[in-house]
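Novice: So the protein lines, in turn, are chains V and S.
Under this note's numbering, think of the first position of the first sequence as 1, with each following residue one higher.
Under this note's numbering, think of the first position of the second sequence as 1, with each following residue one higher.
A couple of the hints might just be wrong.
Claimed, not checked - Okay, derived cross-link-like pairs now, SDA-like style, lysine to any residue, Cα gap no bigger than 25 Å in a straight line:
{"hint": "1", "chain 1": "S", "residue 1": "K74", "chain 2": "S", "residue 2": "C112"}
{"hint": "2", "chain 1": "V", "residue 1": "K59", "chain 2": "V", "residue 2": "W203"}
{"hint": "3", "chain 1": "V", "residue 1": "K159", "chain 2": "S", "residue 2": "K106"}
{"hint": "4", "chain 1": "S", "residue 1": "K85", "chain 2": "V", "residue 2": "P151"}
{"hint": "5", "chain 1": "V", "residue 1": "K101", "chain 2": "S", "residue 2": "Y29"}
{"hint": "6", "chain 1": "S", "residue 1": "K74", "chain 2": "V", "residue 2": "Q201"}
{"hint": "7", "chain 1": "V", "residue 1": "K83", "chain 2": "V", "residue 2": "S108"}
{"hint": "8", "chain 1": "S", "residue 1": "K74", "chain 2": "S", "residue 2": "N27"}
{"hint": "9", "chain 1": "V", "residue 1": "K97", "chain 2": "S", "residue 2": "G43"}
{"hint": "10", "chain 1": "S", "residue 1": "K77", "chain 2": "V", "residue 2": "A202"}
{"hint": "11", "chain 1": "V", "residue 1": "K101", "chain 2": "S", "residue 2": "V53"}
{"hint": "12", "chain 1": "S", "residue 1": "K77", "chain 2": "V", "residue 2": "H213"}
{"hint": "13", "chain 1": "V", "residue 1": "K159", "chain 2": "S", "residue 2": "N84"}
{"hint": "14", "chain 1": "S", "residue 1": "K106", "chain 2": "V", "residue 2": "P205"}
{"hint": "15", "chain 1": "V", "residue 1": "K159", "chain 2": "S", "residue 2": "G93"}
{"hint": "16", "chain 1": "S", "residue 1": "K85", "chain 2": "V", "residue 2": "V214"}
{"hint": "17", "chain 1": "V", "residue 1": "K97", "chain 2": "S", "residue 2": "T31"}
{"hint": "18", "chain 1": "V", "residue 1": "K132", "chain 2": "V", "residue 2": "R6"}
{"hint": "19", "chain 1": "V", "residue 1": "K132", "chain 2": "V", "residue 2": "A73"}
Think of the hints as simulated: they come from the structure by calculation, not from any bench.
These numbers were taken from a predicted model, which means no experiment stands behind them.
Listed here are the chains, written in short residue letters.
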Amino acid sequence: MQAGFRTGVMVLMVASLLWGASISWAGDRGMQLLQQQCVSCHNLAGPAPATLSELWQRKGPDLFYAGNKYRQAWLESWLQQPKRIRPAGMFYIDHIKPGTKRDVIDPSTLSGHVKLKADDAKAVAAALVQLKGNTKLIKAETHRADISPGPLGEMMFDKIYGCMACHEIEPGYGGLSGPELYTAGKRLQPEFMLSYIRSPQAWDPKIWMPNKHVPDDNMQKLVNYIIALSEENFDE
Amino acid sequence: MNRYLSIAILCLSFVLAIPAQAETAANNYRTYCMQCHGLKGNGMGLNIRDMSVQPRDHTDAKSMGGRSDAELFKVIKEGGLAINKSALMPPWGDVFSDAEIQDLVKYLRKLCQCSHEG
Numbered sequence: 001m002q003a004g005f006r007t008g009v010m011v012l013m014v015a016s017l018l019w020g021a022s023i024s025w026a027g028d029r030g031m032q033l034l035q036q037q038c039v040s041c042h043n044l045a046g047p048a049p050a051t052l053s054e055l056w057q058r059k060g061p062d063l064f065y066a067g068n069k070y071r072q073a074w075l076e077s078w079l080q081q082p083k084r085i086r087p088a089g090m091f092y093i094d095h096i097k098p099g100t101k102r103d104v105i106d107p108s109t110l111s112g113h114v115k116l117k118a119d120d121a122k123a124v125a126a127a128l129v130q131l132k133g134n135t136k137l138i139k140a141e142t143h144r145a146d147i148s149p150g151p152l153g154e155m156m157f158d159k160i161y162g163c164m165a166c167h168e169i170e171p172g173y174g175g176l177s178g179p180e181l182y183t184a185g186k187r188l189q190p191e192f193m194l195s196y197i198r199s200p201q202a203w204d205p206k207i208w209m210p211n212k213h214v215p216d217d218n219m220q221k222l223v224n225y226i227i228a229l230s231e232e233n234f235d236e
Numbered sequence: 001m002n003r004y005l006s007i008a009i010l011c012l013s014f015v016l017a018i019p020a021q022a023e024t025a026a027n028n029y030r031t032y033c034m035q036c037h038g039l040k041g042n043g044m045g046l047n048i049r050d051m052s053v054q055p056r057d058h059t060d061a062k063s064m065g066g067r068s069d070a071e072l073f074k075v076i077k078e079g080g081l082a083i084n085k086s087a088l089m090p091p092w093g094d095v096f097s098d099a100e101i102q103d104l105v106k107y108l109r110k111l112c113q114c115s116h117e118g
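Generate coordinates for the entire structure from the input sequences, incorporating the hints supplied.
Specialist: The following block contains the structure:
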């Protein structure tokens, strides 16, 4: 009985060591992939652009705070099946042209994201969550899942704060110069959303998202509204 | 010793006094305003499709002439609600310095080729 117990403990120890090693291996391999394949479009070390000319040259989202921004499961899945998140690309001006009723997206200027195999996606996601820039900003936030947006959620989004001016809350409804928000709840950590709404410029000094000075309670409602939106699975 | 202290204070004051780099009005307009007011400044921006209130046409001398420079400054800095207009026009006070907003007001006057008719 005792020998069986000992063997069990040994098996568990070996298994946990192997599991730990596999995580670390995935992270190391992921970091290698990041350095080889991603660094030409993504900033892995910071800081964010401090001038407009730097901002205009940015090819992909900054990733030096990816571990404080994204959900790991989403990263792993998206990297295998990348879909456009910013309808008008990274800097909208580079991807629009005058149309008859309004400026329109010029799809010929947009290019897709590289697609990774499952094991590479897993390794890269594991490496990305280790990039923890701006942790101080995240630690200042506490997500309150219990503050329900109720029927005010959409009204705040559309009318009170006007977020829909630049963001879509469902495919085909809303603005196009910012990232779609109907998938944001699956993509982003709640504390990141709170912090970014509190001060977009604290994360990205030159970004074209304004600070609407949303009070704390309403910020929680907006974030919970965004999370609820993502549960409608508009993207599937 | 006092001389070294003075030099140190002088150096420090330079470091502390470096402001964020001011951008030109044209570059600020291109980055922040064109998303709604359009590549041509005519209010036909990329984002307007579902807006309940359409953005101002900055090339319209008549309507732009109805706003004073102080009102334009206020609406850029504090947003549409500050002058009883739409919340869809956001406050840009956290992005632009006052000097940059003043430059933007001048830039708008060039776009509309107008001045305040008040």
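Novice: Decide, hint by hint, whether the structure agrees.
Specialist: The hints, checked one at a time:
With a CA separation close to 18 Å, the supplied pair K74/S and C112/S stays within the 25 Å bound. A C-alpha spacing of about 17 Å is found between K59/V and W203/V, which places the hinted pair at or below 25 Å, so the restraint holds. The suggested pairing of K159/V with K106/S is violated, with an alpha-carbon distance near 30 Å, which exceeds 25 Å. For the hint linking K85/S to P151/V, the alpha-carbon distance of about 24 Å falls within 25 Å, and the restraint holds.
For the suggested pair K101/V and Y29/S, the alpha carbons sit about 21 Å apart, so the restraint of at most 25 Å is met. Pair hint K74/S plus Q201/V holds up; C-alpha atoms about 20 Å apart against a cutoff of 25 Å. Note on K83/V and S108/V: the hinted pairing holds, with a Cα-Cα distance of about 16 Å set against a maximum of 25 Å. A C-alpha spacing of about 20 Å is found between K74/S and N27/S, which places the hinted pair at or below 25 Å, so the restraint holds.
For the hint linking K97/V to G43/S, the alpha-carbon distance of about 14 Å falls within 25 Å, and the restraint holds. Proposed proximity of K77/S and A202/V is supported: the alpha carbons are some 18 Å apart, at most 25 Å. A hinted pair counts as satisfied when its Cα atoms are at most 25 Å apart, and K101/V with V53/S qualifies at roughly 15 Å. Between K77/S and H213/V the alpha-carbon distance is near 13 Å, which keeps this suggested pair within the 25 Å criterion.
With a C-alpha separation of about 14 Å, the suggested pair K159/V and N84/S falls inside the 25 Å cut-off, and the hint holds. This hinted pair checks out: K106/S and P205/V have alpha carbons roughly 24 Å apart, not beyond 25 Å. With a C-alpha separation of about 20 Å, the suggested pair K159/V and G93/S falls inside the 25 Å cut-off, and the hint holds. Using a Cα cut-off of 25 Å, the hinted pair K85/S and V214/V holds, with the two alpha carbons roughly 18 Å apart.
Simply put, K97/V and T31/S have alpha-carbon atoms about 15 Å apart, close enough for the 25 Å limit, and the pair holds. A distance of roughly 39 Å separates the Cα atoms of K132/V and R6/V; the hinted pair therefore is violated under the 25 Å criterion. Restraint check: the Cα-Cα separation between K132/V and A73/V comes to about 17 Å, which is no more than 25 Å; the hinted pair holds.
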